[in-house]
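**Q** Build the full structure now, drawing on both the sequences and the hints.
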Amino acid sequence: MVARQLAEQLTGRTAQRVLDVGCGQGTQALRLARAGHYVTGIDSDPVTLGVAQGALAQEPDDVRGRVQLLSGDGHQCGRWFGARSFDVVLCHGVLMYLPDPDPMIASLARLLAPGGVLSLVVRNRDALAMRPGAAGDWRAALDAFESDRYYNRLGLTARADRLADLTVTLAEVSVPLKQWYGVRVFTDNAPDDAAPPVDGRRLAQLLDAEERAGRTDPYRRIAALLHVIGGK
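1 is the number of the first residue of the sequence shown in our numbering; add one for each residue after it.
Since the hints were derived computationally from the structure, they do not count as laboratory data. C-beta atoms are modelled at their ideal positions from N, C-alpha and C, and glycine is treated no differently. Just so you know, not all the hints are guaranteed correct.
Derived Cβ-Cβ restraints for the label pairs, each shown as a range [claimed, not checked]:
1) 126 / 62: 30 to 36 Å
2) 113 / 138: 46 to 52 Å
3) 198 / 71: 33 to 39 Å
4) 147 / 55: 33 to 39 Å
5) 80 / 102: 18 to 24 Å
6) 113 / 205: 34 to 40 Å
7) 48 / 207: 22 to 28 Å
**A** Given below as structure tokens:
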């Protein structure tokens, strides 16, 4: 879903300079490089970065030539790159591990060139009780109304953000909210080991339903994740 939503925002843009903070296994970085963009991926986890490097090694020469993978985190970007260095900055699945997202967002906004796009993926604070409630974990559901903290699928403590708060922050750093989507409206409670439908038609229907819900109120407001787009 995130790839589809991001592609919509990059329609008509060619050979963009992209920074992917917390690139993980390189999923988005490689997709964007295949589309002709020049991508710098950064991740602090040597294991996932190694997976990304292995995947990159399997790509054609032209794709490999458009990707640079670095070990580090978003806090180092201000030292590595100058202001207005990138046309697109991705920060997906990172802010939930920070006690306060605002300093990171401000740092990344500084790196955006005029007309640039900032793409954030965060846990949805306004729907934090949905997953435990749907699973019948009533204690956790009640706790979720009072706190922005939760345990993710990796068993780690993480933090959720409200769209309203992110909207204020983006305005303050001169990258105002342009669009936002919900991610995992219908499928958030699927077991971690659940395989996607093997029937291509059913898989296409699932993706289409998630995509439609992710851009339609009130469904997107109860999505597990928010994909927030700011524009400079």
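**Q** Decide, hint by hint, whether the structure agrees.
**A** Against the structure, the hints:
1. 126 / 62: 30 to 36 Å: violated (43 Å)
2. 113 / 138: 46 to 52 Å: At 48 Å between Cβs, range holds.
3. 198 / 71: 33 to 39 Å: Since residue 198 and residue 71 have Cβ atoms about 37 Å apart, the given range 33 to 39 Å holds.
4. 147 / 55: 33 to 39 Å: At roughly 36 Å between Cβ atoms, residue 55 and residue 147 fall inside 33 to 39 Å, so the hint holds.
5. 80 / 102: 18 to 24 Å: At roughly 21 Å between Cβ atoms, residue 102 and residue 80 fall inside 18 to 24 Å, so the hint holds.
6. 113 / 205: 34 to 40 Å: Taking Cβ atoms as reference, residue 113 and residue 205 lie about 39 Å apart, which means the hint holds.
7. 48 / 207: 22 to 28 Å: Holds: the Cβ-Cβ distance is about 25 Å, inside 22 to 28 Å.
Of the hints listed earlier, the one the structure fails to meet is number 1.
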